[in-house]
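Chemist: In case you want the letters, here they are:
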Amino acid sequence: MADTSRQQLRRAHGAAGAIVLSGVHKWYGEFHVLRDINLTVKDGEKIVICGPSGSGKSTLIRCINRLEEHQQGQIVVDGIELTSDLRNIDKIRAEVGMVFQSFNLFPHLTVLDNLCLAPVWVKKKSRAEAEKTARMYLERVKIPEQALKYPGQLSGGQQQRVAIARALCMNPNIMLFDEPTSALDPEMIKEVLDVMIELANSGMTMMCVTHEMAFARSVADRVIFMDRGEIVEMAPPGEFFSNPKSDRTKHFLSQILNH
Amino acid sequence: MTATTNRPAPGPITPPAKPNLLYRPEFRQAVYQVLLVVCLLFAFWTIANNVADNLARQNIASGFGFWNRTSGFDISQSLIPYSNQSTYGQAFWAGLLNTLLVAVIGIVFATVLGFLVGIGRLSSNWLIARICGAYVELLRNVPLLLQLFFWYFAVLKNLPGPRQSIALPFGASLNVRGLYLPAPVPEPGFGAVLTALGIGIVLSIAVAIWARRRQRATGERFPVLWTTLALVLLLPGAVYIALGQPLSFQYPVLRGFNFQGGIAVLPELMALLVGLSTYTASFIAEIVRAGIAGVPRGQREAANALGLSSGLTMRLVILPQALRIIIPPLTSQYLNLTKNSSLAVAIGYPDFVSVFTGTVLNQTGQAVEVILLTMLVFLTISLITSAFMNWFNKHIALVER
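Protein sequence lines correspond, in order, to chains P and U. The first sequence begins at 0 in numbering that gives the first Met the number 0 and counts up by one. The second sequence begins at 0 in numbering that gives the first Met the number 0 and counts up by one.
Take the hints with a grain of salt, since some may be wrong.
One-sided excerpt, in silico: chain P residues whose CB lies under 7 Å from chain U [claimed, not checked]:
1) K41
2) N64
3) L66
4) A93
5) S101
6) F105
7) A117
8) V121
9) Q254
10) L256
Mimicking DMTMM-like on lysine to aspartate or glutamate, the simulated pairs with C-alpha atoms at most 25 Å apart in a straight line are [as the list claims (entries may be wrong)]:
11) P:K90 / U:E285
12) P:K249 / P:D226
13) P:K249 / P:E229
14) P:K41 / P:E138
15) U:K338 / U:E368
16) P:K148 / P:D89
17) P:K41 / P:D184
18) P:K141 / P:E128
19) P:K124 / U:E300
20) P:K148 / U:E300
21) P:K41 / P:E68
22) U:K156 / U:E285
23) P:K122 / U:E300
24) U:K393 / P:D112
25) P:K41 / P:E67
26) P:K122 / P:D84
27) P:K123 / U:E285
28) P:K122 / P:D89
Derived by calculation from the structure, the hints in this document are not laboratory data. No experiment lies behind these values; they were computed from the predicted model shown. Beta carbons are placed, not taken as given, at the ideal position from N, Cα and C, and that holds for glycine.
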């Protein structure tokens, strides 16, 4: 029922994707962060976005769940257009999960409470049901034994896995990752990437800002290179890494791959 | 490492030669401690000796013999029975209770107002934010004594006389002599209404517990607020009407030049309460703002990304974390308010300092005893307040490692 109505909504928007951005622009004051972004992400597709710092990649994915407001163009998520209508924003946020570079777990709540907070208060689930789902996802990110600890008692890698589980507890259709491994020690990056790869294999629609090129190679359907607020290059990983077209992409790849 | 390898032969370890006594840290520390104690003892002894000498020369008997003597002066407001026939001891308690009254009511007002203004200053509504900002800047930067004078002389003392009183709802009236409120007078059968109120409160607590359990079990919400209101208001209300309204109010009535009957709130008390709580609220507002601003921005973003509304984000995520930043400086503001209440003496409210350290000291001349007792009282109030706040802070502290 929900699916058919979503399909109808999508058709109504003439859109054929989980996320459709057309002609999106954004400015921070005078600074033009996003310039004419056009992108369609299909259901189940995995997109990796890379680019130098300040290129607007984080801003782009933060626009998708309205942590940032775009000023021009259209963003349609799961058939719902992002406007200043609060109801639409709430609907989209319930559909889209987000994982941050700095984890952003709630330090005053236990891991289990972190996971149950939104299902109970936003989706109005029973605590028992929310806890069941929470424990299921903790199992899936391989830290079921940490349920009653506080975030401050966990390692960075464990915290980020809790953050992924917290987003999954809302049963999202789309997951956004904003540099999920950039704040982690090298030996913890793998445990987080493993969880993300498992998630990708389960068919989740994912958009991921990352510099983990090995991850991009193995998981992404398309890799996007952004620079100065523009999408410079967009291609499947094989083509992207072996045969980049633009000079800026070549320069960037040479810098991050040859060190 | 190198030192051990260079050591000639294994054998009985000879301790390194001890340095001269003067160069040993333990010895030096001990010497300083002893010197300090000696100096302090000498200072206290000098002061005590001096005081005793002076008192003896002026033929003043020290001690607390004055405690049970008749005071002979009136106090304009007392929470306990007090007249000019009462003892100095009773004056002590009357003054202390007056101070505690101001402190407790003032802390409640200041906290509520301070949180509202502090959160308001962060509001995205331009007008609300500016009004709250102006409030803080104005009240924080004008001396408290001046503000008390303003409320007392410029506002309350400029009110019309009793004959031209400003009529307020429910038979209350406000004039230059104070605020006159109707006094409730219970009649036979009123006990039943109180019992109904008690039952209502117990029932609503039970409902709240049950609703919480049910919410955890099934996710169903129950309108706890409305049932609580119904149980607490309607149940005693129904009993009240059924029993023929067994509570009458004694309304303040204008007789001659003043109001008689009812509850009279002194203008001094009003000025002190308004002045202290609005002044302290401006500091609390800044503390609250700093506390909320001190919660990392990512917390709000994470809550928003999960779909929590801004109200729920504030209540469930931001405030619980802001509180641990807010509590310690909030405690100092509570202590400040309590201590500042002694400015009451300037506008003639009979607080502890004005009654005990003022009048009682003047009449008895027992300066040392009275000042010591006053210090002891304020120390006790402050320590109790901070002990409570420390307990609360510990209760909400974050668990790390």
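Chemist: Hint by hint, say whether it matches the structure.
Modeler: Right, here's what the structure says about each hint:
At a threshold of 7 Å, the smallest CB-CB gap from K41 of chain P to chain U is about 23 Å, leaving the interface hint violated. The beta carbon of N64 of chain P is positioned within 7 Å of a beta carbon in chain U (closest approach about 6 Å), and the interface hint is therefore held. Interface hint at L66 of chain P: satisfied, since its Cβ lies 5 Å from the closest Cβ of chain U, which is below the 7 Å cut-off. This hint holds: A93 of chain P has a C-beta 5 Å from the nearest C-beta of chain U, less than the 7 Å allowed.
Hint status for S101 of chain P: holds, given a least beta-carbon distance of 5 Å to chain U, under 7 Å. For F105 of chain P, the interface hint holds, the least distance from its beta-carbon to any beta-carbon of chain U being 6 Å, beneath 7 Å. At a threshold of 7 Å, the smallest CB-CB gap from A117 of chain P to chain U is about 4 Å, leaving the interface hint in force. A distance limit of 7 Å between C-beta atoms decides the matter here; for V121 of chain P the minimum to chain U is near 4 Å, and the interface restraint holds.
With a least beta-carbon distance of about 28 Å to chain U, the hint placing Q254 of chain P at the interface is violated under the 7 Å criterion. A cut of 7 Å between beta carbons decides the hint on L256 of chain P: the least distance to chain U is about 30 Å, and the hint is violated. Distance check on the hinted pair: K90 of chain P and E285 of chain U sit about 35 Å apart at the alpha-carbon level, beyond 25 Å; violated. The hinted pair formed by K249 of chain P and D226 of chain P meets the criterion: a straight-line CA distance of about 12 Å does not exceed 25 Å.
Using a Cα cut-off of 25 Å, the hinted pair K249 of chain P and E229 of chain P holds, with the two alpha carbons roughly 16 Å apart. Taken as a hint, the K41 of chain P and E138 of chain P pair is broken in the structure, with Cα atoms around 29 Å apart against an allowance of 25 Å. Using a Cα cut-off of 25 Å, the hinted pair K338 of chain U and E368 of chain U holds, with the two alpha carbons roughly 20 Å apart. Distance hint between K148 of chain P and D89 of chain P is unfulfilled; the C-alpha atoms sit about 30 Å from each other, more than 25 Å.
Of the supplied pair hints, the one linking K41 of chain P and D184 of chain P is violated, its CA atoms being roughly 33 Å apart against a limit of 25 Å. Under the criterion of a C-alpha separation no larger than 25 Å, the hint pairing K141 of chain P with E128 of chain P is consistent with the structure, at around 20 Å. For the suggested pair K124 of chain P and E300 of chain U, the alpha carbons sit about 22 Å apart, so the restraint of at most 25 Å is met. Restraint check: the Cα-Cα separation between K148 of chain P and E300 of chain U comes to about 23 Å, which is no more than 25 Å; the hinted pair holds.
Restraint check for K41 of chain P and E68 of chain P: satisfied, since their Cα atoms lie roughly 23 Å apart, inside the 25 Å limit. A threshold of 25 Å between alpha carbons decides the hint, and for K156 of chain U with E285 of chain U the separation of about 31 Å lies outside it, so the pair is violated. For the hint linking K122 of chain P to E300 of chain U, the alpha-carbon distance of about 18 Å falls within 25 Å, and the restraint holds. For the hint pairing K393 of chain U with D112 of chain P, the CA-to-CA distance comes to about 20 Å; that is within 25 Å, so the pair holds.
Between K41 of chain P and E67 of chain P, the direct Cα distance comes to roughly 22 Å. Compliance with the 25 Å bound is thereby established for this hinted pair. Restraint check for K122 of chain P and D84 of chain P: the C-alpha separation of about 19 Å stays at or below 25 Å, so the hint holds. Proposed proximity of K123 of chain P and E285 of chain U is contradicted: the alpha carbons are some 35 Å apart, above 25 Å. For the given pair, K122 of chain P sits about 11 Å from D89 of chain P by alpha-carbon distance, which is consistent with the 25 Å threshold.
Of the numbered hints stated above, those contradicted by the structure are hints 1, 9, 10, 11, 14, 16, 17, 22 and 27, listed in ascending order.
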